[in-house]
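Participant: Here's the letter readout for the chains.
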Amino acid sequence: MFLLRRAFRFVLSLVLVVLASFAMLHLIPGDPVRAALGPTAPREAVEQRRAELGLDRPWPEQLRTYLEKAATGDFGESFLSRQPAGQVIGDRFPATLQLVVVTMVLALLVAVPLGMAMAARTHGGRGRRSELAFTSVTGGLSVIPEFLLAVAMIALFGVVLRWLPVAGKDGAASFVMPVLALAAGPTALLARLVRMETLRELSSDYVRLARAKRLPAVRLYLVHLLPNALTATLTTGGLLLTSLLGGSVVVEYVFQWPGLGGTTVEAIAGKDYALAQAAVAVYGAVSLTVVFLVDVALGLLDPRSRPRMLG
Amino acid sequence: MRRMRTPSALAGLSLVLLTLVFAVIGPWLWGEEAVRFDPLHTLEGHSSAHLLGTDDGGRDLLARTLAATRQSVWLALLATLITTAVGVPLGALPSVLGPRAARFTAGLIDSLVAFPVLLLAMFAALLAGAGARGAVVGIGAAAVPGLARLTRTLADTVATSDYVAAARVLGAGRAAVLVRHVLPNIAEPLILTVTANLGYALLGLATLSLLGLGVQPPDYDWGRLLHDTLPRVYVDPEVVAGPALAVAIAGTGFALLGESLARASARAPSAPRGEPRTVLPPGCGPLPAAPDAVLEARDLTVSFGGVTPVRGVSFSVAPGELVGIVGESGSGKSLTALAVGGLLPHPGTASGHVLLGGRPLEEVPRRELGTRLAMVFQDPMAALNPALRVGSQLAEVATTHLGASRREAWRRAADRLGRVRLPDPEAQARRYPHEFSGGMRQRAVIAMGLMGEPELIVADEPTTALDVTVQKRVLELLAEVNETTGAAGLLISHDLAVVSRHCGRVLVMYAGRIVEELPSSELRRARHPYTRALVASSPDLKTDRSLPLATIPGRQPAPAEVPDGCAFAPRCARALERCRTDRPEPTAGLACWNPEDA
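Read top to bottom, the protein sequences are chains A and B.
Position one of the first sequence corresponds to residue 827 (this note's numbering), numbered consecutively onward.
Position one of the second sequence corresponds to residue 28 (this note's numbering), numbered consecutively onward.
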């Protein structure tokens, strides 16, 4: 029931994103084909292109064709390269997905233990110096944008020290800098959230009772605290994971990562609306999928959102 | 302005000031040099003439960076204006609209927040056309959902407060409430957030320009300079240093300043904490313990920094005995319970002696503490872990301390749940706390204490959070456990009636000290004026309801302001001159200079 409800909302939002990507082309002031082909293109060429794209037909009909084609992964062809947009995305998307997934996993793996350890060390006002160091470092990291870290790392590790490849995607070493640049901000913010939520849980009655039972620290933290702290963190911090997607565009651009980000930037700069439309749909779908997965994870972690057990 | 002293706020403020100074003087001082072509020195790296090198037109990159400050800050300001002008009204809208429209707007905001800001900005910029205008509109628009949601959250908090409810009752319309009450109260956090947004707008614009989607030549901002110099980073890394540092300084400056001030203003004024520990010297040296007492406290003192909420408390509990501690909230009774359990929260420290079964508390092994000492706390809703099945929270006592197997521990858990009269205990063990009522949870907590072989059950206000009918049954259960297992009990309550009904002996606490200790049956003949007043102010069925209930004038002193003499003297009708200067030491269970007649 719970899964079904979430899944229904997920599908509904997906449809909305596809609708939005359709509406985008029609919201552009002026004539998108004219804008794409440039002011010097002959009138006939523009008219011909409009007809090819079906833009001369009434919009309900256009919407129907768009939806039918979108359902089969056909987003028309790129205005510029004339390649099918679906194919361009199919070529580029796996690299983006790899980058984003590795980063998300790393962010969670670092932030959760770090946040909990800092909470254990600083709760009840002890460890003031650790607290100050932690909040300063994470505070700084969380506001420095990805591209600055990326540029700084390229200059240091790539150009001066020559430890790591500066661009492209070629083996594990090429993941190091893009992933670190992309992960730093979200990891810092997540770690702060985990610490705050763990601190809140540490002062709760059930922790006091667990202490009264003299449970070993490992059991107290892993079995009693972790599920509750993680639930609270994901509820407020799940969106951090989708914000990675935006950062990935910049990181891909700076590291010339062969992913969807660079293609999207080119499409927007070159007024390649078909490709941009497809990119909107794909990025939107990925954001929604992440939100959906976080929801499902929350449901699994928190018995309160699950249906009542029988008996 | 105390909160300005946090290091991140100070760092932010200095970075912001630096940025603003350069935004004003930058174009004046370096504007000309920034656009001076020099075809002989194009694309150079660091040299004495050009510290950070030159661009493809031979223009000095340091001068261009400094001169670009005004443009970068100005565009960020415009974008933030757009965000604020749209976001705040949109977020405030739900509190003015009817419930249905409000829900729709709120849902719209929530779904937009899920979409990454930078991507929103890119696509908004696509619609508005690549270039400075498109970028400003894009960045401005993309931050709207976030600001709108914050506004709504803040407005909701204010809108549900009592004074707004009062204004509504007096007939104020929704719009009037919004303008008169809601907006003024959320202005401060909003302004700080907008400051932080200015930083994010600056970073966002730099990002768009870096991607080639923002400012177009011949105009230039920091992002555009980065866009142009980035391909050269592999040869002359110093050429990107100027714009990169400038973006870092300005962007993080505004963001740090806004965020840290917003956090500081959101934090409720907190109690002073983390003062250096002061461990009081132990009272009167090790005393011979009463050999048969389950619990013996001698001169127990609890202090938090310089404050001492429990002062030299001594009592003992014999096996099988039920002892009650009563007192107003703040009298130190709960901290006494926590100190007995060795569970004082940091930075609290206990001095004096707590002996469990004749041994000092700190020498009792964890395993024995976990099985022989049971604790029950006030709020059963919070005392069970919401994420774990009730059965596993009981079973872990057996697996941790008794070496039981999982299966054996669960069987024991079901058995104990049955002993506290939960119907169908096997099924109950598999359920989660949220499926239990308050009374059931408190039973489960008591059952948890029975997992071992408890010799002492410390119950701190175990029924205060429960309905009256449930209270009675939980208390009867505690008394029954005491009878059947022979475990002694320490029952802490503010309710004299509860304590006197079940406990043989009562300790009365006031301002951190035990002022009188007496058998429950003697309560009506209590000799301490405070105990008398407590008895008089607690109603029972025999109380004549036509007369006003007795109250005690004045209030109990806070732990930090306990006077030298008897702490009750200022409220006591029988106080003598001596009571205000000399503290009465407890003798024969009574600490009073001028007791009532027996």
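Derived from the structure by calculation, the hints contain no laboratory data.
Remember, predicted model here, so these are calculated numbers, not experimental data.
Ideal Cβ positions, reconstructed from N, Cα and C, are used throughout, including at glycine.
Treat the hints with caution; some may be incorrect.
Not everything, but these chain B residues come out facing chain A in the computed CB check (under 7 Å) [stated by the list, open to error]: (1) Thr132; (2) Leu135; (3) Leu139; (4) Ala141; (5) Met402; (6) Asp406; (7) Thr426; (8) Thr491.
Far from chain A, some chain B residues (derived; all Cβ distances over 12 Å) [claimed, not checked]: (9) Val51; (10) Leu70; (11) Pro116; (12) Gly125; (13) Gly357; (14) Arg416; (15) Arg458; (16) Tyr459; (17) Pro460; (18) Pro584; (19) Val589; (20) Ala615.
Participant: Hint by hint, say whether it matches the structure.
Facilitator: Structure-based check of all given hints:
For the restraint placing B/Thr132 at the interface with chain A, the shortest Cβ-Cβ distance is roughly 16 Å, beyond the 7 Å limit, so the hint is violated. The restraint placing B/Leu135 at the interface with chain A is violated, with a minimum CB-CB distance near 11 Å, outside the 7 Å limit. A cut of 7 Å between beta carbons decides the hint on B/Leu139: the least distance to chain A is about 10 Å, and the hint is violated. The closest approach between the C-beta of B/Ala141 and any C-beta of chain A is roughly 5 Å, which is under the 7 Å cut-off, so the hint is satisfied.
Of the supplied interface hints, the one on B/Met402 holds, with its beta-carbon coming within about 4 Å of a beta-carbon of chain A, less than 7 Å. Residue-level restraint check for B/Asp406 holds (minimum Cβ-Cβ distance to chain A is 6 Å; threshold 7 Å). For B/Thr426, the suggested interface contact is broken, since its CB lies about 9 Å from the closest CB of chain A, more than 7 Å. A least Cβ separation of about 13 Å between B/Thr491 and chain A goes past the 7 Å threshold, and the interface hint is therefore violated.
In this structure B/Val51 is separated from chain A by more than 12 Å, as the shortest Cβ-Cβ distance comes to about 24 Å. The claim that B/Leu70 is not at the interface with chain A holds, since no C-beta of that chain comes within 12 Å of its own (minimum 16 Å). No Cβ of chain A comes within 12 Å of the Cβ of B/Pro116; the nearest lies about 22 Å off, and the non-interface call holds. In this structure B/Gly125 is separated from chain A by more than 12 Å, as the shortest Cβ-Cβ distance comes to about 24 Å.
Every CB of chain A is more than 12 Å from the CB of B/Gly357 (nearest about 19 Å), matching its label as outside the interface. The Cβ of B/Arg416 does not lie farther than 12 Å from every Cβ of chain A; its closest approach is about 8 Å, which violates its non-interface assignment. For B/Arg458, the requirement that its beta carbon stay farther than 12 Å from each beta carbon of chain A is not met, with the minimum near 6 Å. With a minimum CB-CB distance of about 4 Å to chain A, B/Tyr459 fails to clear the 12 Å threshold, and the non-interface call is violated.
Here B/Pro460 does not stay apart from chain A, with its beta-carbon only about 8 Å from theirs, under the 12 Å limit. With a closest Cβ-Cβ approach of about 25 Å to chain A, B/Pro584 is found to remain outside the 12 Å limit, as its non-interface label requires. No Cβ of chain A comes within 12 Å of the Cβ of B/Val589; the nearest lies about 23 Å off, and the non-interface call holds. No Cβ of chain A comes within 12 Å of the Cβ of B/Ala615; the nearest lies about 34 Å off, and the non-interface call holds.
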